[in-house]
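Q: What follows is the residue order along each chain.
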Amino acid sequence: MLFLGDGSSFATGALAYQYRPLTEGASDVRVILQVLLDGLPATCVLDTGAPYVILAPYLAPHLGIDPANALGQARVLHRGISYHGGLHRLALGFPAGQGESLTVEATAFVPEQNAAEAWGDLPSFLGMAGCLERLRFALDPGSDAFYFGPLGED
Amino acid sequence: MANESPLADAETTAVRFKEMFLVVGRSPEEASVTSAGPVIGPFPTTATMYDMGSMLWVVQPDTPLEIWDESSTTGDTAPLQNGTTAGFARNGRSSLGTAWARLESAAGAGDERGFVEACKNIDWTLQPPDALMRAVRLAITANVPLVARKMATDGALRYPEHAELQKAARVLAPPRVIRSDLPPEPGLAANVAWLKANTESYGGRWVALKDGILLTDASSFEELTADLGDLRAQRILATKVF
Chain C
9 MLFLGDGSSF ATGALAYQYR PLTEGASDVR VILQVLLDGL PATCVLDTGA
59 PYVILAPYLA PHLGIDPANA LGQARVLHRG ISYHGGLHRL ALGFPAGQGE
109 SLTVEATAFV PEQNAAEAWG DLPSFLGMAG CLERLRFALD PGSDAFYFGP
159 LGED
Chain L
43 MANESPLADA ETTAVRFKEM FLVVGRSPEE ASVTSAGPVI GPFPTTATMY
93 DMGSMLWVVQ PDTPLEIWDE SSTTGDTAPL QNGTTAGFAR NGRSSLGTAW
143 ARLESAAGAG DERGFVEACK NIDWTLQPPD ALMRAVRLAI TANVPLVARK
193 MATDGALRYP EHAELQKAAR VLAPPRVIRS DLPPEPGLAA NVAWLKANTE
243 SYGGRWVALK DGILLTDASS FEELTADLGD LRAQRILATK VF
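Residue numbers (the numbering used here), protein chains in the order written: chain C, 9 to 162; chain L, 43 to 284.
Please note: incorrect hints may appear among the correct ones.
What the hints assert, rightly or not - Sample of chain C residues facing chain L (criterion: CB under 7 angstroms; computed from the structure):
#1 Leu30
#2 Gly33
#3 Leu85
#4 Ala114
Keep in mind that the hints were calculated from the coordinates and are not lab data. Backbone N, C-alpha and C fix where the C-beta goes; we use that ideal spot for every residue, glycine too.
From just these sequences and the hints, can you work out the full model?
A: This is how it looks when you write it as structure tokens:
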């Protein structure tokens, strides 16, 4: 789909994204993707300043995530709020509108359920460390397309 | 200062002596424990004593170097009457106890740079597995996930029998591509097209979409999903319209 100068593949798939603010009237527009979290269609914000997949608390019950399987208790500061929760591994799918779909096993932070009120209506977030760091990706603002592909060594 | 150790067994002793004890005074006769930790006694028959000005730090004898920042506390050492050693810090800078306090403080404040700097004051190759696991959690809190990963990975290699470190290394591992040759998903792409086309009319509402078709809408996620059943099995997207 996209190729490096030596002819090797850079991106093998692409999906459309929205470029919108997360709250009405907000000035900070975000890249909003539709992905699969352990097979569940989910709205996520591309956030290269964050680590991990940070799961919206309201989605956790629908993924059957058991807090007992988490890596102990962790605390993550996100958007100025400190959330307690656990770290898990889950399958993050990039469903292609064009080309081939891709699934990676990523690290996800799942806030405790009592964080739902503080979280509000926000979607989940896709960060760099533990999530996007081993993917090639690119944005085309001309067509609102998010291109993705595996690193050659994977 | 107590004359009898309250530490009943070797295991407990080992755990407790991994903590630092701040003692005021320059000799065993003068010393009194000021920390909130357990009292060490008889003093200092099983510990190493470090003099930092008017304060003494007492540490576990077989792990003195691991809990000192050697670069900042290199001092003279001299045997005490009971055969232990004392280090006399010239510059009075950090110890392991201080380094851990800095780690905790930096993590609590989300101070990434401060956390990384504090890490340099600890020789991680000498830390016991529980301490490594504690540091992994602090690194997560400090928002330095790559540091957490390295600590977990190194710790898991060093302590293959430590289940929690093994789990940490697995959970914090770099993302791994499972499949990269899967077919496209036109149904999910149709959801995006619907959202783009209906931002104005459904903005702020919660909608349930399947293959680009609106199933229902509501004012909250809970209301929306109350009667939808298994979202994952049906591949239903439940989202707020942004």
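Q: Take the hints in turn and mark each one as holding or not.
A: Each hint, compared with the structure:
1. Leu30: holds (6 angstroms)
2. Gly33: Cβ of glycine 33(C) sits 11 angstroms from chain L, so the hint is violated.
3. Leu85: holds (5 angstroms)
4. Ala114: holds (5 angstroms)
Violation of the numbered hints given earlier is confined to hint 2; every other hint is satisfied by the structure.
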